[in-house]
Amino acid sequence: MSDCQEVIQQLWEFLDGELPEGEAAEIRLHLSECAHCNPQYEFQLRFLDALVKAYAAREVPQPEFVRRLKAALGTIGDDLT
Amino acid sequence: MTHPADGPRTAFQAEALQHLDSVYRYAFALTRDRSEAEDLVQDTFLQALRHWDQFRPGTNARAWLFTICRNLFLRQRERRAREEPTEAAALDGLAAAAQAFAAPPDAGRALFDAPELGDVIRRELDKLPAEYREVVELSDLQDQSYADIAQVLGVPLGTVKSRLFRGRRLLQEALVDYARDAGLLPPPESDA
Numbered sequence: 015m016s017d018c019q020e021v022i023q024q025l026w027e028f029l030d031g032e033l034p035e036g037e038a039a040e041i042r043l044h045l046s047e048c049a050h051c052n053p054q055y056e057f058q059l060r061f062l063d064a065l066v067k068a069y070a071a072r073e074v075p076q077p078e079f080v081r082r083l084k085a086a087l088g089t090i091g092d093d094l095t
Numbered sequence: 386m387t388h389p390a391d392g393p394r395t396a397f398q399a400e401a402l403q404h405l406d407s408v409y410r411y412a413f414a415l416t417r418d419r420s421e422a423e424d425l426v427q428d429t430f431l432q433a434l435r436h437w438d439q440f441r442p443g444t445n446a447r448a449w450l451f452t453i454c455r456n457l458f459l460r461q462r463e464r465r466a467r468e469e470p471t472e473a474a475a476l477d478g479l480a481a482a483a484q485a486f487a488a489p490p491d492a493g494r495a496l497f498d499a500p501e502l503g504d505v506i507r508r509e510l511d512k513l514p515a516e517y518r519e520v521v522e523l524s525d526l527q528d529q530s531y532a533d534i535a536q537v538l539g540v541p542l543g544t545v546k547s548r549l550f551r552g553r554r555l556l557q558e559a560l561v562d563y564a565r566d567a568g569l570l571p572p573p574e575s576d577a
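Heads up: the sequence lines are chains A and B, in that order.
In terms of the working numbering, the first sequence is residues 15 to 95.
In terms of the working numbering, the second sequence is residues 386 to 577.
Treat the hints as calculated values from the structure; they're not laboratory data.
Backbone N, C-alpha and C define an ideal beta-carbon position, used for all residues, glycine too.
Check the hints yourself; a few may be wrong.
[What the hints assert, rightly or not] Part of the chain A face toward chain B, derived, beta carbon under 7 Å:
1) Trp26
2) Glu32
3) Phe57
4) Ala64
5) Leu65
6) Ala68
7) Tyr69
8) Arg72
9) Glu73
10) Val74
11) Pro75
12) Phe79
13) Arg81
14) Leu83
15) Leu87
Input sequences plus hints: build the corresponding full structure.
So, in structure tokens, the structure goes:
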């Protein structure tokens with residue numbers, strides 16, 4: 015490795031932590047040295063960060079709903095074996 | 386681990402109910418409606434409790450709940466149970482999908498520093514076709530692995546990757562289009 019084309023094709027799997035450590039290490043090394051791939055990596059990283067932040071304050075279940083749910087679960091939980 | 390010798394309800398509360406917020410958010414992402422999401426979550430947890438003996442301790446309880454939630458959602462919507470592309474067909478499109486979006490120079494700074502970015506992302510993610518949106522939701526907002534997403538959706542791993550990469554790419558293209566329309570980025574060179 016590491017051909018730029020291969021690195022770019024594996025970038026998402028690298029960012030998602032889905033690559034075996036050996037392959038991830040090769041990509042990490044390539045990114046640290048490649049002026050072409052590194053900006054792409056930085057862009058994808060910032061994109062994923064922005065996506066998470068955009069949904070940081072999301073819908074949460076209302077307390078009244080949580081009470082109703084737990085009551086409903088209580089009515090069937092006791093007879094399970 | 387509290388399963389099942391401690392009593393099914395005790396074990397269920399310890400293992401499953403801790404994921405209530407995540408399941409609710411997933412249900413909301415599917416239904417886009419608070420009332421429908423609440424009904425779906427309640428049905429999900431009731432079904433999970435009834436079938437608690439089928440949960441294998443030590444496995445991903447959140448993914449198991451997502452699976453139940455999604456199956457109930459599909460059934461409620463009377464969608465087809467299964468009409469998924471084959472692994473080979475999914476992989477055909479994978480190389481193209483995996484080709485990361487070629488960001489314009491300086492796009493990162495102009496785009497990611499925009500104060501309205503959160504609103505734009507939420508709006509554009511809502512517009513994505515459901516098959517892409519739900520994979521982005523499970524991966525990027527619910528932090529599920531490719532394998533767990535494949536389990537939740539009942540599709541091959543290659544399909545998960547293909548949809549995820551394509552979904553992200555569509556979202557990025559929409560964000561760059563927004564940045565150009567808003568004057569945050571210059572138009573593409575061919576238009577200049």
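May I ask you to test the interface hint for A/Ala68 with respect to chain B, counting a Cβ-Cβ separation under 7 Å as satisfied? holds (4 Å)
Hint validation: A/Ala64 versus chain B, beta carbon distance must be below 7 Å. Holds or violated? Holds - the Cβ of A/Ala64 comes within 7 Å of chain B, reaching about 5 Å at its closest.
Is the hint on A/Leu83 kept, meaning its closest Cβ partner in chain B is under 7 Å away? Constraint on A/Leu83 satisfied, holds at 5 Å.
Is the interface hint satisfied for A/Glu32? The criterion is a beta-carbon contact with chain B at less than 7 Å. holds (6 Å)
Hint check: is the beta carbon of A/Leu87 less than 7 Å from a beta carbon of chain B? With a closest approach of 6 Å, the A/Leu87 hint holds.
Does the nearest C-beta of chain B fall within a distance shorter than 7 Å of the C-beta of A/Arg72? Where the cut-off is 7 Å and the nearest Cβ of chain B is about 6 Å from A/Arg72, the hint holds.
Take the shortest C-beta to C-beta distance between A/Trp26 and chain B; is it under 7 Å? OK, holds: A/Trp26 within 7 Å of chain B, min 5 Å.
Per the CB criterion, is A/Pro75 less than 7 Å away from chain B? holds (4 Å)
Restraint satisfaction for A/Leu65 [CB to CB of chain B, less than 7 Å]: The hint holds - A/Leu65 has a Cβ within 7 Å of chain B, the shortest such distance being about 5 Å.
Let me know if the C-beta of A/Phe57 comes in closer than 7 Å to any C-beta of chain B, holds or violated. Hint on A/Phe57: holds, closest Cβ of chain B at ~4 Å, below 7 Å.
Chain B contact restraint for A/Tyr69 - C-beta distance below 7 Å: holds (5 Å)
So, A/Val74 near chain B? Judge it on the closest CB pair being under 7 Å. holds (6 Å)
When held up to the earlier numbered hints, the structure conflicts with hint 13 and nothing else.
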